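Engineer: The chain contents come next:
There are 2 protein chains.
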Amino acid sequence: MNHDSNILKLKRLGIDTQREYFVYMRSDCHICISEGFEALTRIEVTVKGETIIATLNVLQSELLQDGEASLSESAWNALRAEEGDAIAFSHLQPVGSMSHVRSKMYGNKLGDEAFHSIIADVAEGKYSNIELAAFITACAGDNLDAEEIAGLTKAMVAVGEKLDWGKGIVVDKHCVGGLPGNRTTPIVVAIIAAAGLTIPKTSSRAITSPAGTADTMETMTSVNLSLEEIRRVVGQEGGCIAWGGAVKLSPADDVLIKVEKALDVDSEGQMIASVLSKKAAAGSTHVVIDIPVGKTAKVRSQVDAKKLEFYFRRVGLEIGLEVKVLITDGSQPVGRGIGPALEALDILAVLKQENNRPKDLEERATLIAGALLEMGGKALPGNGQSIALDLLRGGAAWKKLRAICKAQGGFREPEPGKLKHEVRAVKSGRVEEIDNRRLAKVAKLSGAPSRPGAGVVLHCKTGQKLMAGELMFTLYAETSGELNYAKMYLEKEFENIIRWAPLA
Amino acid sequence: MNHDSNILKLKRLGIDTQREYFVYMRSDCHICISEGFEALTRIEVTVKGETIIATLNVLQSELLQDGEASLSESAWNALRAEEGDAIAFSHLQPVGSMSHVRSKMYGNKLGDEAFHSIIADVAEGKYSNIELAAFITACAGDNLDAEEIAGLTKAMVAVGEKLDWGKGIVVDKHCVGGLPGNRTTPIVVAIIAAAGLTIPKTSSRAITSPAGTADTMETMTSVNLSLEEIRRVVGQEGGCIAWGGAVKLSPADDVLIKVEKALDVDSEGQMIASVLSKKAAAGSTHVVIDIPVGKTAKVRSQVDAKKLEFYFRRVGLEIGLEVKVLITDGSQPVGRGIGPALEALDILAVLKQENNRPKDLEERATLIAGALLEMGGKALPGNGQSIALDLLRGGAAWKKLRAICKAQGGFREPEPGKLKHEVRAVKSGRVEEIDNRRLAKVAKLSGAPSRPGAGVVLHCKTGQKLMAGELMFTLYAETSGELNYAKMYLEKEFENIIRWAPLA
Numbered sequence: 000m001n002h003d004s005n006i007l008k009l010k011r012l013g014i015d016t017q018r019e020y021f022v023y024m025r026s027d028c029h030i031c032i033s034e035g036f037e038a039l040t041r042i043e044v045t046v047k048g049e050t051i052i053a054t055l056n057v058l059q060s061e062l063l064q065d066g067e068a069s070l071s072e073s074a075w076n077a078l079r080a081e082e083g084d085a086i087a088f089s090h091l092q093p094v095g096s097m098s099h100v101r102s103k104m105y106g107n108k109l110g111d112e113a114f115h116s117i118i119a120d121v122a123e124g125k126y127s128n129i130e131l132a133a134f135i136t137a138c139a140g141d142n143l144d145a146e147e148i149a150g151l152t153k154a155m156v157a158v159g160e161k162l163d164w165g166k167g168i169v170v171d172k173h174c175v176g177g178l179p180g181n182r183t184t185p186i187v188v189a190i191i192a193a194a195g196l197t198i199p200k201t202s203s204r205a206i207t208s209p210a211g212t213a214d215t216m217e218t219m220t221s222v223n224l225s226l227e228e229i230r231r232v233v234g235q236e237g238g239c240i241a242w243g244g245a246v247k248l249s250p251a252d253d254v255l256i257k258v259e260k261a262l263d264v265d266s267e268g269q270m271i272a273s274v275l276s277k278k279a280a281a282g283s284t285h286v287v288i289d290i291p292v293g294k295t296a297k298v299r300s301q302v303d304a305k306k307l308e309f310y311f312r313r314v315g316l317e318i319g320l321e322v323k324v325l326i327t328d329g330s331q332p333v334g335r336g337i338g339p340a341l342e343a344l345d346i347l348a349v350l351k352q353e354n355n356r357p358k359d360l361e362e363r364a365t366l367i368a369g370a371l372l373e374m375g376g377k378a379l380p381g382n383g384q385s386i387a388l389d390l391l392r393g394g395a396a397w398k399k400l401r402a403i404c405k406a407q408g409g410f411r412e413p414e415p416g417k418l419k420h421e422v423r424a425v426k427s428g429r430v431e432e433i434d435n436r437r438l439a440k441v442a443k444l445s446g447a448p449s450r451p452g453a454g455v456v457l458h459c460k461t462g463q464k465l466m467a468g469e470l471m472f473t474l475y476a477e478t479s480g481e482l483n484y485a486k487m488y489l490e491k492e493f494e495n496i497i498r499w500a501p502l503a
Numbered sequence: 000m001n002h003d004s005n006i007l008k009l010k011r012l013g014i015d016t017q018r019e020y021f022v023y024m025r026s027d028c029h030i031c032i033s034e035g036f037e038a039l040t041r042i043e044v045t046v047k048g049e050t051i052i053a054t055l056n057v058l059q060s061e062l063l064q065d066g067e068a069s070l071s072e073s074a075w076n077a078l079r080a081e082e083g084d085a086i087a088f089s090h091l092q093p094v095g096s097m098s099h100v101r102s103k104m105y106g107n108k109l110g111d112e113a114f115h116s117i118i119a120d121v122a123e124g125k126y127s128n129i130e131l132a133a134f135i136t137a138c139a140g141d142n143l144d145a146e147e148i149a150g151l152t153k154a155m156v157a158v159g160e161k162l163d164w165g166k167g168i169v170v171d172k173h174c175v176g177g178l179p180g181n182r183t184t185p186i187v188v189a190i191i192a193a194a195g196l197t198i199p200k201t202s203s204r205a206i207t208s209p210a211g212t213a214d215t216m217e218t219m220t221s222v223n224l225s226l227e228e229i230r231r232v233v234g235q236e237g238g239c240i241a242w243g244g245a246v247k248l249s250p251a252d253d254v255l256i257k258v259e260k261a262l263d264v265d266s267e268g269q270m271i272a273s274v275l276s277k278k279a280a281a282g283s284t285h286v287v288i289d290i291p292v293g294k295t296a297k298v299r300s301q302v303d304a305k306k307l308e309f310y311f312r313r314v315g316l317e318i319g320l321e322v323k324v325l326i327t328d329g330s331q332p333v334g335r336g337i338g339p340a341l342e343a344l345d346i347l348a349v350l351k352q353e354n355n356r357p358k359d360l361e362e363r364a365t366l367i368a369g370a371l372l373e374m375g376g377k378a379l380p381g382n383g384q385s386i387a388l389d390l391l392r393g394g395a396a397w398k399k400l401r402a403i404c405k406a407q408g409g410f411r412e413p414e415p416g417k418l419k420h421e422v423r424a425v426k427s428g429r430v431e432e433i434d435n436r437r438l439a440k441v442a443k444l445s446g447a448p449s450r451p452g453a454g455v456v457l458h459c460k461t462g463q464k465l466m467a468g469e470l471m472f473t474l475y476a477e478t479s480g481e482l483n484y485a486k487m488y489l490e491k492e493f494e495n496i497i498r499w500a501p502l503a
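Heads up: the protein sequence lines correspond to chains A and B, in order. Residue numbers for the first sequence follow numbering that gives the first Met the number 0, so the first one is 0 and each next one is one higher. Residue numbers for the second sequence follow numbering that gives the first Met the number 0, so the first one is 0 and each next one is one higher.
To be clear, the hints were calculated from the coordinates, so they are not data collected in a lab. Some hints could be false.
Put simply, identical chains are the same to the list, so a pair is met inside one copy or across any two.
[As the list claims (entries may be wrong)] Computed cross-link-like contacts, SDA-like style, restricted to lysine to any residue with a CA-CA straight-line distance of at most 20 Å: (1) Lys8 / Leu62; (2) Lys398 / Gly408; (3) Lys108 / Gly140; (4) Lys108 / Asp141; (5) Lys486 / Gly95; (6) Lys10 / Glu61; (7) Lys161 / Thr284; (8) Lys294 / Ser98; (9) Lys10 / Ile51; (10) Lys419 / Gly66.
Everything numeric in this text was worked out from a predicted model, so none of it was measured.
Whole structure, please, built from the sequences with the hints as guidance.
Structural biologist: Next comes the structure, spelled out in structure tokens:
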């Protein structure tokens, strides 16, 4: 093969395809013809010595002149390409590790090496979205046993960067989601750091929920911290609340999570590997996992929660993490807000110890903080929660959160969406049950988490009496299309969201 | 929502993205902003009253003017769009049937209704490639039981068109692939139609192999027949060999097969449903399934073959098909050619009864034809194969194939690729074993099936002695890039493709 004949000149077309890299070539391009490239072929493209894998889209029009090619924006940026750069093409060697994925599809057990090769290829961007979806699906449900989850976790740690704090004890926490509004993290970090322990917290953005901790925190300060900045903030304040995706602690996980989100699925093995790989990479030694259990929470029964507890502890053991699991009540939303800014307002009410603060959120945050204080040797067994409450009441935690936000780039007040829609009780009655999943869906349809001010504020709790005309909840949105979309869903599903018993 | 504000004007950019529909909008478009559309959002787009679902790509450049939008070529053609047409946008209702796919991912059993709603959505193009990959993976391996496969099969038949021949007995055959060169179908159809039975054969293109029957047949005649043309050809000649994808007998299957191909996977349940749904839709009543068994064939053991036999018969029963399974030897390739045109040359040698015809191909074709003649009442039990051989030797089958090709649009001679590379024995020895999978891969790398003349001609069989310098096989290709790519693989893997014992 003559190498020169495989080179074209780059022209920028400015097509944004998100993460997946695309390369654009003319259908009559001599390289397409001689190499046998067709639309959707995956090709290795090289610009200025850097190589990535891209999917081919063929242009039937005159957008490109003879001798020109283009790249999607993500690929253009990844290669730091400039107009007129030379671009070279070669056949993609088949992704070898897909044979392990196929083996898993057929129900075989994968060993550590198989996971290492899959995860290394995923982190390098060698998997197409279709292949990622197959890997995620093959590992979903009960398809991974504890050894396989440990193998996946170790592989995820191995391909990322690691933090080392040079200290004996470094603590962390994680909540297995599914409970709208359960945003304890910023409060826990503030308490723990105020107590003098080290807690380098990285949080995720939402996968299938209306808000992740990183989304919520971002309405108050910057969360896109580099590893260097995390080191500085934690060195200075003892804790931070950063977006995990901005650092490369688990680069493979960042790739997988996007496809999980598109599939609206969050599988057990992937979830455990995702959580523990990030804790290990962040240099933690002691971790509390909060598992809320409820009919419409992510975990629906005590049996499922116990099974998860077993996996978390077992995989923790394999990778050198001490794990304590708290199984908590997940029967209804926590706090009032559901959506990034609306949840942030709840957090601030607790930290500022306002009179109308959501007490359930305060109770949960101090329970978790208490367990961490005990693990970290800052409280005697059974004494943790009351020490946590003291740090909250005395104002130390609120002071610490402001200090952390300042170190992360400055504190700002969260802002709810400008568009509102109030939902009131049509007749008097009592709230019997609230469906977390459907309520989360209302918040998502109104724009959360990509619109930070969007979501739902819930004004009632299970068991509460409401008189006709009283406020049940309020929708917030930033665009009218999204507000209408949420209202349409609400009209159809209202009776399934809040179960209601008329007053006798 | 003001409807008019959701309308843009179409401009053709000519971007070919194959099957998946894409819509292109400016990043500063008011609809993107007000509706909350982002790159990769799936949107309903309507042109002249026709609606499809498309994935959004956002343009950061001046390819589109303010007020303009564009569609990928597949979407443009599906909507019969014209330059300047109005295009309207609305939010996609979440694809409801994905909840069944997620349920399957978690190991639950799906009922008939679940399969119906999934397959209807797939056939209507509502699934993204990621969602299709998840469905295929969730149904792979042993994940479907016989009832579920029957449910999937019935769903596939229900969404497609159906043929009705108004006759008591209509026969068909299918081979569970994996055996390179095993191209018996055109010979079987010619024999059966010559015997006066009805055999409306639709065949697939290759999924993961170097050639499907439709690919092979297309090197001799046209296979893109409409249902009308199939009715005419079969009415006239008793049989046809058409590409199943050109008619809509199983439209969902046509969508699924493309993603299966990208994943290089062909799962058991999907395979059975794919095969039997097409037979049922084609109006067949009696079907012979050939299952070759061999270490490197698709089915590797008698136990696996027996299991498949059970499923085929059981699902056949549920949908009213009488199924006979033949378990045959799959230890090495059949005939000499591997690749569309090269396999067609073998078929012609058998039909013309040339002296150097591949006897193994003839033996297999007459075995299957014999079983069909017996099922169809044209031969007494045990007598079918000898009647089939008579029809071949007397020239009736060859005459019938020419007549079928003529009715399908005319017969032409298949042409091998212009580029050749001969592989000769380096030293004298005996062929101990041939790896079907690796040999198929060589043929695929040289361009088969998309380049019809590409592939491999095998000059030796297992057990055969070859002297140093004798020809082992020949590569054929149509482009030098592909020939080189096949040669590179050959250099690396040669010893694994043909196991060789030096002569003592």
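Engineer: Look at each hint and say if it fits the structure.
Structural biologist: Outcome of the hint check:
no. : hint            : result
1   : Lys8 / Leu62    : both (13 Å within a copy, 19 Å between copies)
2   : Lys398 / Gly408 : within (16 Å within a copy, 84 Å between copies)
3   : Lys108 / Gly140 : both (14 Å within a copy, 13 Å between copies)
4   : Lys108 / Asp141 : both (12 Å within a copy, 14 Å between copies)
5   : Lys486 / Gly95  : between (48 Å within a copy, 18 Å between copies)
6   : Lys10 / Glu61   : both (12 Å within a copy, 13 Å between copies)
7   : Lys161 / Thr284 : within (13 Å within a copy, 64 Å between copies)
8   : Lys294 / Ser98  : between (38 Å within a copy, 17 Å between copies)
9   : Lys10 / Ile51   : within (17 Å within a copy, 31 Å between copies)
10  : Lys419 / Gly66  : neither (53 Å within a copy, 29 Å between copies)
Hint 10 from the list above is the single one not met by this structure.
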